[in-house]
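*Asks:* So the chains spell out like this:
Number of protein chains: 2
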Amino acid sequence: MPRKGIALVISAPSGAGKTTLVQRLLREFPQFGYSISCTTRQPRQGEVDGKDYVFLSREEFEQRRAQGYFAEWAEVHGNLYGTPLAPVKDSLQRGQDVLFDIDVQGAAQLKLSLAEAVFIFILPPSMTELERRLRSRALDDEATIERRMANARQEMLESRWYDALVINDDLDTAYDALRSVFVAASLAPFRSPDLPEALLDS
Amino acid sequence: MPRKGIALVISAPSGAGKTTLVQRLLREFPQFGYSISCTTRQPRQGEVDGKDYVFLSREEFEQRRAQGYFAEWAEVHGNLYGTPLAPVKDSLQRGQDVLFDIDVQGAAQLKLSLAEAVFIFILPPSMTELERRLRSRALDDEATIERRMANARQEMLESRWYDALVINDDLDTAYDALRSVFVAASLAPFRSPDLPEALLDS
Numbered sequence: 001m002p003r004k005g006i007a008l009v010i011s012a013p014s015g016a017g018k019t020t021l022v023q024r025l026l027r028e029f030p031q032f033g034y035s036i037s038c039t040t041r042q043p044r045q046g047e048v049d050g051k052d053y054v055f056l057s058r059e060e061f062e063q064r065r066a067q068g069y070f071a072e073w074a075e076v077h078g079n080l081y082g083t084p085l086a087p088v089k090d091s092l093q094r095g096q097d098v099l100f101d102i103d104v105q106g107a108a109q110l111k112l113s114l115a116e117a118v119f120i121f122i123l124p125p126s127m128t129e130l131e132r133r134l135r136s137r138a139l140d141d142e143a144t145i146e147r148r149m150a151n152a153r154q155e156m157l158e159s160r161w162y163d164a165l166v167i168n169d170d171l172d173t174a175y176d177a178l179r180s181v182f183v184a185a186s187l188a189p190f191r192s193p194d195l196p197e198a199l200l201d202s
Numbered sequence: 001m002p003r004k005g006i007a008l009v010i011s012a013p014s015g016a017g018k019t020t021l022v023q024r025l026l027r028e029f030p031q032f033g034y035s036i037s038c039t040t041r042q043p044r045q046g047e048v049d050g051k052d053y054v055f056l057s058r059e060e061f062e063q064r065r066a067q068g069y070f071a072e073w074a075e076v077h078g079n080l081y082g083t084p085l086a087p088v089k090d091s092l093q094r095g096q097d098v099l100f101d102i103d104v105q106g107a108a109q110l111k112l113s114l115a116e117a118v119f120i121f122i123l124p125p126s127m128t129e130l131e132r133r134l135r136s137r138a139l140d141d142e143a144t145i146e147r148r149m150a151n152a153r154q155e156m157l158e159s160r161w162y163d164a165l166v167i168n169d170d171l172d173t174a175y176d177a178l179r180s181v182f183v184a185a186s187l188a189p190f191r192s193p194d195l196p197e198a199l200l201d202s
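Just so you know, the sequences run in chain order X and L. Numbered by UniProt numbering, the letters in the first sequence go through residues 1 to 202 in order. Numbered by UniProt numbering, the letters in the second sequence go through residues 1 to 202 in order.
No lab work stands behind these hints: they were computed from the structure. Glycine residues also receive a C-beta, built at the ideal position from the N, C-alpha and C atoms. Hints may be right or wrong, so weigh each one.
Claimed, not checked - To give a feel for the contact side, a few chain X residues facing chain L, derived at Cβ under 8 Å:
| id | residue |
| --- | --- |
| 1 | R3 |
| 2 | A164 |
| 3 | L187 |
| 4 | S192 |
Unchecked claim - Residues from chain L that face chain X, not an exhaustive set, calculated with beta carbons under 8 Å:
| id | residue |
| --- | --- |
| 5 | Q23 |
| 6 | R160 |
| 7 | V181 |
| 8 | S192 |
| 9 | D194 |
| 10 | L200 |
Could you put the whole structure together from the sequences, leaning on the hints where they help?
*Replies:* Structure representation (structure tokens):
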């Protein structure tokens with residue numbers, strides 16, 4: 001009895017620990033697929049068209065966008081990025097789970113095009129701790145850290161419509177929360193439309 | 001930052017393994033409260049009014065029922081049983097989780113009076129296995145087993161509106177599913193109305 005795939009959307013401010021949590025999720029549940037995004041930026045050394053990204057001209061991108069081709073899109077540093085909707089829907093229908101690691105604005109667009117997606121927002125245990133983590137990475141200059149903290153505040157204020165808020169204080173506890181949301185989503189009756197009738201014949 | 005309590009409602013056909021799963025849940029999450037039911041049946045030896053049940057006359061029960069006092073009620077073997085709604089709502093508001101171990105008809109009534117409750121239905125891995133389990137308990141005569149199997153079919157067909165369907169084939173897998181639904185429910189933003197604003201000041 002195959003179930004429908006789950007579109008799992010995970011957002012978090014920089015420094016909240018999303019990457020570690022997502023890597024652990026993919027180790028326990030390696031069945032997740034990723035969608036291949038489209039972009040108007042130039043390919044980098046070694047990037048393969050149709051594998052890393054689908055590289056489009058700005059005109060092609062805007063045409064597709066106007067046709068509702070993208071589940072979500074954004075402009076970052078003057079380049080356009082978008083997630084094609086149709087392949088994601090095909091994957092979900094086939095029972096393939098799809099993971100989206102995406103910011104709040106992209107997630108809000110996904111909410112409109114993929115209403116059955118499951119939205120998780122990862123929160124830092126405190127702003128003090130978030131700032132400490134950003135500084136201890138030693139990746140960013142002062143202005144970047146201040147921008148990241150301001151973005152974090154803004155995103156956290158917009159997180160109320162998510163399905164689950166996961167505070168990443170203790171990593172094991174946060175991971176248990178994250179995986180629980182995914183496992184619980186897999187049990188929804190609408191994702192297993194042939195259950196329980198199939199059991200009645202067994 | 002206290003969260004609102006969760007009303008967790010668990011239903012299952014006889015023999016699906018609900019009791020074992022619930023006992024394990026209460027070991028891991030001992031914070032659950034039980035609601036005290038009202039009944040019109042006579043107290044049994046040792047039962048304490050107000051502790052085991054609130055014992056009411058049929059007239060008292062029917063008066064309360066007419067006033068919308070009960071979250072759900074049922075007549076079983078000529079006696080009335082009901083769950084008072086107000087104490088459950090008070091518990092939830094105080095952050096106390098409340099467990100309901102209840103049949104599909106009671107659960108459907110709860111769905112109307114406690115819309116934010118979380119509903120879990122436990123399924124047997126197959127009807128053959130359910131019958132095998134009922135027979136191996138050696139508790140029931142043939143007529144009772146047949147009645148339980150018929151009830152199971154009916155309840156399973158009515159389980160589609162539940163939030164989660166948990167197949168109890170392997171006990172550890174089923175328990176992981178059950179606890180995941182509870183953990184995921186605890187992460188819903190509406191149950192922690194002061195989050196994430198409180199984090200912004202931390």
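*Asks:* Hints first: check each against the structure and report whether it holds.
*Replies:* Outcome of the hint check:
The interface hint given for R3 (chain X) is broken, as the beta carbon of that residue sits about 10 Å from the closest beta carbon of chain L, more than 8 Å. Interface hint status for A164 (chain X): upheld, as the beta-carbon distance to the closest one in chain L is roughly 4 Å, under 8 Å. At its closest, the beta carbon of L187 (chain X) sits 4 Å from a beta carbon of chain L; the interface hint therefore holds under the 8 Å criterion. Interface restraint check for S192 (chain X): the shortest CB-CB distance to chain L comes to about 7 Å, inside 8 Å, so the restraint holds.
With its C-beta approaching chain X no nearer than about 20 Å, Q23 (chain L) sits outside the 8 Å limit, and its interface hint is violated. Annotation: R160 (chain L) was flagged as interfacial toward chain X, and the flag holds, the nearest CB pair being 5 Å apart, inside 8 Å. For V181 (chain L), the interface hint holds, since its Cβ comes within 8 Å of a Cβ in chain X; the closest pair sits about 5 Å apart. Taking 8 Å as the C-beta contact cut-off toward chain X, the hint placing S192 (chain L) at the interface holds, the least distance being around 7 Å.
Look at D194 (chain L): its Cβ only gets to about 11 Å from chain X, farther than 8 Å, so that hint breaks. The beta carbon of L200 (chain L) comes within 6 Å of a beta carbon in chain X, closer than 8 Å, and the hint placing it at the interface holds.
Figure legend: structure checked against the earlier numbered hints; hints not met, in rising order: 1, 5 and 9.
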